[in-house]
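Number of protein chains: 2
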Amino acid sequence: MSQTAGILEQAEQHCRERGSRMTEKRKRVLSGLVDSDKALSAYELIDYCKEQFGENIPAMSIYRILAFLEEEGLVHKLNLANKYVACAHICCDHSHGVPQFLICGGCSKVKEITVNPAMISELKKSAEQAGFTMMSQQLEMDCLCDECMGSAA
Amino acid sequence: MSQTAGILEQAEQHCRERGSRMTEKRKRVLSGLVDSDKALSAYELIDYCKEQFGENIPAMSIYRILAFLEEEGLVHKLNLANKYVACAHICCDHSHGVPQFLICGGCSKVKEITVNPAMISELKKSAEQAGFTMMSQQLEMDCLCDECMGSAA
DNA sequence: GCAGTCGCTGCTATGTTGTAACATCACTGA
DNA sequence: TCAGTGATGTTACAACATAGCAGCGACTGC
Ligand SMILES: [Zn+2]
Ligand SMILES: [Zn+2]
Ligand SMILES: [Zn+2]
Ligand SMILES: [Zn+2]
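Protein chains in written order, with my numbering: chain A, 4 to 156; chain B, 4 to 156.
There's no promise every hint is true.
Treat identical chains as interchangeable: a pair holds within one or across any two.
Claimed, not checked - Restricting the straight-line Cα-Cα distance to at most 27 Å, the calculated cross-link-like pairs of lysine-lysine (DSSO-like) are:
{"#": "1", "residue 1": "K53", "residue 2": "K80"}
{"#": "2", "residue 1": "K41", "residue 2": "K53"}
{"#": "3", "residue 1": "K86", "residue 2": "K53"}
{"#": "4", "residue 1": "K80", "residue 2": "K127"}
{"#": "5", "residue 1": "K127", "residue 2": "K41"}
{"#": "6", "residue 1": "K53", "residue 2": "K128"}
{"#": "7", "residue 1": "K28", "residue 2": "K53"}
{"#": "8", "residue 1": "K86", "residue 2": "K128"}
{"#": "9", "residue 1": "K41", "residue 2": "K128"}
It should be emphasised that the hints constitute simulated quantities derived from the structure, not laboratory data. Fair warning: this is a prediction, and the values are worked out from it, not measured in the lab.
With the hints as extra help, turn the sequences into a complete structure.
Structure, rendered in C-alpha cells:
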C-alpha cells in the first residue's frame with residue numbers, strides 16, 4: 004500500500020471515530036494535499052481533481068471540503084499564502100498542539116514544526132502587554148527552502 | 004500642526020533625503036494610513052481618497068503607491084490580512100529593525116511591536132534545522148484587541 | 001527655452017481568492 | 001417508502017491584485 008493510501012486510510016478511520024463522513028470527493032481533495040509536498044491553493048486542487056480523476060469540482064465545493072478537513076484536523080490553512088496543506092501528523096495517534104509553518108516562497112514547500120512552547124507563551128505575554136490577546140498560536144514564516152535557496156544563489 | 008501633518012512632513016523629509024518623490028497622491032494615500040489606527044485594504048484607501056479629497060484613484064495606482072511607500076519604509080504590508088498600515092516609527096530617527104504585528108481580527112486595529120531579538124534568532128535556528136531559511140522576520144499574529152475582546156465576551 | 005528622458009499615473013482588461021443564496025442530490029433512519 | 005439531514009451543484013458576485021500599454025509631467029542637458 005502506498006504511503007498516500009495509508010494516510011487516507013488513517014484519515015477515514017479518524018472520521019469514523021468522530022462520526023463524520025469521509026466522502027469520495029473529500030478523499031480526493033485530501034489525497035491531492037497528501038500527495039503534494041507543497042501547499043496548494045483551492046484552485047490548484049480543482050485542477051488536480053480534474054487531471055487526476057477527470058472530475059470537475061466547483062470552487063464552492065472545494066472550499067467547503069477544505070473547511071471540513073480543517074475542522075477534522077486533517078488539513079491546515081496557511082493564511083500567509085492562501086494555500087492549504089495536509090497535516091503532517093495524520094498518522095500519529097498523539098494529538099498535536101497548534102503548529103507552526105515554514106513556507107518556501109519559491110516553491111510553496113511547507114514544513115510543519117512545533118516550536119518551543121516557552122517561546123509561544125513569551126509572544127503571548129508581549130501581546131498582552133500591548134493590549135492584544137493572541138487568538139491563534141499558528142505562526143507562519145516566510146522562508147526559502149534549501150533547494151530554492153541554492154538555485155537562487 | 005496636527006499629528007498627521009507632522010508625520011507627513013517627516014515622511015517628505017525622508018523622501019527628499021533618499022532622492023525619491025513624495026507626490027500629492029502618495030501623500031494622500033499615506034495620510035489615509037496615518038490617520039487610521041486600523042490597517043486598511045487598497046480598496047478602502049480608494050474610498051478614503053474619494054471621500055476625503057474627491058479624487059478617484061484607480062486600484063492600479065493605489066497598489067503602485069503602496070509599493071513605493073513600502074519601499075521607502077513608510078508603510079508595512081500585512082500579508083495575513085491583505086491590508087496596509089503606516090509605520091509606527093516614521094518620526095523616530097533610529098531605523099527600526101524588522102517589526103512584528105498584532106492584528107485585531109475584529110476591527111483590524113494593529114499594534115507594531117518589536118519582540119525580543121533572542122526569540123527571533125531562536126525561530127531562525129529552528130527553521131534552519133528544518134532546512135529552511137527565514138526570509139523575513141516580520142511576524143503577524145492573529146489577535147483580538149482588548150476592546151473587541153470585551154465586546155465579544 | 002526646448003528636446004529628450006524617465007518616472008508617475010490612467011485605463012482596460014484580466015487573473016486569483018473567496019462567499020452568498022438557493023437548488024438539488026444522496027444517505028439514514030423511522 | 002418517505003421525511004430529514006448533510007453533502008454537493010449552480011449562479012452570481014465581492015474583494016484583492018496584476019499585466020500591458022498609453023499619456024502626462026517634471027527634471028536634465030543642451
Ligand atoms: Zn498538523
Ligand atoms: Zn522551495
Ligand atoms: Zn515600522
Ligand atoms: Zn479590535
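Verification of the hints:
1. Proximity of K53 and K80 under a CA criterion of 27 Å is satisfied intra-copy only: 22 Å inside one chain copy versus 35 Å between copies.
2. Taking the closest pair of Cα atoms, K41 and K53 come within 27 Å of each other only inside a single copy of the chain (18 Å); across copies the shortest separation is 41 Å, beyond that limit.
3. Taking CA atoms no more than 27 Å apart as the test, K86 paired with K53 passes inside one copy only; the shortest distance there is 18 Å, against 33 Å between copies.
4. Taking CA atoms no more than 27 Å apart as the test, K80 paired with K127 passes in both settings, with 21 Å inside one copy and 22 Å between copies.
5. For the homomeric pair K127 and K41, the shortest alpha-carbon distance between copies (21 Å) is at most 27 Å, but the shortest distance inside one copy (29 Å) is not.
6. When the C-alpha separation of K53 and K128 is checked against a cutoff of 27 Å, the pair qualifies neither within a copy, at 47 Å, nor between copies, at 40 Å.
7. Only within a single protomer do K28 and K53 lie at most 27 Å apart by alpha-carbon distance; the minimum there is 12 Å, versus 45 Å between protomers.
8. For the homomeric pair K86 and K128, the shortest alpha-carbon distance between copies (25 Å) is at most 27 Å, but the shortest distance inside one copy (29 Å) is not.
9. When the C-alpha separation of K41 and K128 is checked against a cutoff of 27 Å, the pair qualifies only between copies, where the shortest distance is 22 Å, while the shortest distance within a copy is 33 Å.
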